[in-house]
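In order, the protein sequence lines correspond to chains A and B.
Residue 28 is where the first sequence starts when you use our numbering, and the numbers rise one by one after that.
Residue 9 is where the second sequence starts when you use our numbering, and the numbers rise one by one after that.
For the record, the hints were derived by calculation from the structure and aren't laboratory data.
Remember, it's a predicted structure, so these values are computed and weren't measured experimentally.
Yeah, the Cβ is synthetic: ideal placement off N, Cα and C, and Gly gets one too.
Among the clues, some could well be false.
[As the list claims (entries may be wrong)] Computed cross-link-like contacts, DMTMM-like style, restricted to lysine to aspartate or glutamate with a CA-CA straight-line distance of at most 20 angstroms:
1) A/K42 x B/E92
2) A/K42 x B/E90
3) B/K12 x A/D181
4) A/K42 x A/E97
5) A/K165 x A/E198
6) A/K42 x B/D16
7) A/K42 x A/D178
8) A/K165 x A/E191
9) A/K165 x A/E139
10) B/K12 x B/D77
11) A/K42 x B/D80
12) A/K165 x A/E202
[Unchecked claim] Quick partial rundown of chain B residues pointing at chain A, CB under 7 angstroms, derived from the structure:
13) D36
14) V69
15) W88
16) R91
Residue-level listing of the chains:
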Amino acid sequence: MWTYEKAMEYPVHIKNPDARLAKAIMSQLGGPDGETGAAMRYLNQRYAMPYARGIGVLTDIGTEELNHMEMVASILYQLTRNLTVEEIVAEGFDAYFVDHTTGVWPCAASGEPFNAFMFQSTGDPIADLTEDLAAEQKARLTYDNLLRMIDDPDVRDPILFLREREIVHFERFGETLVHVTDQLNCKNVYAMNPAFDSPAG
Amino acid sequence: MSGKDRDDALLALQQAKFTAIDLALFLDTHPDCAAANDAYRSAVFACEEAEAAFTDRFGPVCQRDAGGDRWDWTDTPWPWQEREA
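Start from the sequences, fold in the hints, and give me the full structure.
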C-alpha cells in the first residue's frame with residue numbers, strides 16, 4: 028500500500044524553460060539508469076529477498092525512487108513550460124514534440140522508450156544487490172554528466188540533491204549486501220543463491 | 009494560495025520529512041543505533057508539527073486531512089505546479 032503526499036521530497040522551482048536540457052535530463056526518468064528503472068528494480072526484487080532487513084531497504088529505497096520519478100518529471104515539466112514552436116525546433120526538441128507535445132513520457136535521452144530490460148530481478152538476492160550497487164553508481168555518474176552541461180542554478184539544485192541520494196543508497200545497499208552474505212551457510216563459499224538453493228542460506 | 013508564507017511552510021515540512029526519510033533508511037541497516045532511533049522519533053514529531061502547521065493554513069498534504077467543509081484535495085497546487093500563477 029502506498030499513499031500520496033502533495034509535497035515533493037525536495038523543491039523543484041525552475042523559472043526558465045530549456046528544451047535542450049529537458050531532452051538530456053529525460054534519461055533520468057526513462058533511460059537505462061533512470062529513476063523509473065530504479066523504482067521498478069527495487070520494488071520487484073523485494074519478493075525474492077529472504078531477509079527482512081533486505082526487504083526493508085528495497086521497500087524504502089524503492090519508495091524514495093517513486094518520489095525521484097516525480098522530481099525528474101517535474102524538472103521536465105518546468106523546463107518545457109511556455110515554449111514557442113520556434114524554440115522547440117531551435118533547441119532540438121522537435122522529434123519529441125511531434126510524438127508527445129510537451130507531455131512527460133519515460134524514454135532515454137537517445138530516444139529509446141523505457142522498458143523492463145533496463146533492469147533485472149534475478150531471484151537471487153546477492154546478484155540483485157550487486158546490480159543495485161552498480162545501478163546507484165551508474166545513476167550517480169549520469170547526474171555527474173548532466174551537471175557538466177547545466178549552468179542554471181534552478182536546475183542544478185535538485186539534480187545535486189538527486190546525485191547525493193544515489194551515494195546514500197549505494198551505502199545502504201552495500202551494508203545490506205554484507206548483512207546478506209554474513210548469513211550464508213559457511214560452506215557456501217561461492218555465494219550461491221540463498222533464496223533458491225536451500226543449503227546456501 | 010502561493011506566496012512566501014506558503015513556500016516557507018512547505019520548505020519546513022520538506023526538511024522535516026526528509027530528515028525522517030534519511031534516518032529511517034539508516035536505521036534499516038543500523039537497527040541497534042539508539043541515537044539514530046531517538047533522532048528518528050524526534051524527526052517524526054517535527055513532521056507532524058510541520059504538517060499540521062501547513063495543512064491548517066494552506067490545505068491538505070495527505071488525503072486523510074482533506075474534506076472539512078468541502079472536498080479540498082484538488083483545490084491546492086500539485087507539487088510540480090508550485091509558484092504557478
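Outcome of the hint check:
1. Between A/K42 and B/E92, the direct Cα distance comes to roughly 10 angstroms. Compliance with the 20 angstroms bound is thereby established for this hinted pair.
2. Annotation: proposed proximity of A/K42 to B/E90 holds, straight-line Cα distance about 11 angstroms (limit 20 angstroms).
3. Taking the CA atoms of B/K12 and A/D181, the gap is near 17 angstroms; set against the 20 angstroms cutoff, the hint holds.
4. Only pairs whose Cα atoms come within 20 angstroms are accepted, and A/K42 paired with A/E97 is accepted, the gap being roughly 18 angstroms.
5. Taking the CA atoms of A/K165 and A/E198, the gap is near 14 angstroms; set against the 20 angstroms cutoff, the hint holds.
6. Distance hint between A/K42 and B/D16 is fulfilled; the C-alpha atoms sit about 18 angstroms from each other, no more than 20 angstroms.
7. For the hint pairing A/K42 with A/D178, the CA-to-CA distance comes to about 13 angstroms; that is within 20 angstroms, so the pair holds.
8. Between A/K165 and A/E191, the direct Cα distance comes to roughly 13 angstroms. Compliance with the 20 angstroms bound is thereby established for this hinted pair.
9. For the given pair, A/K165 sits about 18 angstroms from A/E139 by alpha-carbon distance, which is consistent with the 20 angstroms threshold.
10. At most 20 angstroms may separate the alpha-carbon atoms for a hinted pair to count; B/K12 and B/D77 exceed this at roughly 26 angstroms.
11. Of the supplied pair hints, the one linking A/K42 and B/D80 is violated, its CA atoms being roughly 27 angstroms apart against a limit of 20 angstroms.
12. The suggested pairing of A/K165 with A/E202 holds, with an alpha-carbon distance near 18 angstroms, which does not exceed 20 angstroms.
13. The beta carbon of B/D36 comes within 4 angstroms of a beta carbon in chain A, closer than 7 angstroms, and the hint placing it at the interface holds.
14. Annotation: interface hint on B/V69 holds; nearest CB of chain A at approximately 5 angstroms, less than 7 angstroms.
15. At a threshold of 7 angstroms, the smallest CB-CB gap from B/W88 to chain A is about 4 angstroms, leaving the interface hint in force.
16. Checking B/R91 against chain A by beta carbon gives a least distance of about 6 angstroms; that is within 7 angstroms, so the hint holds.
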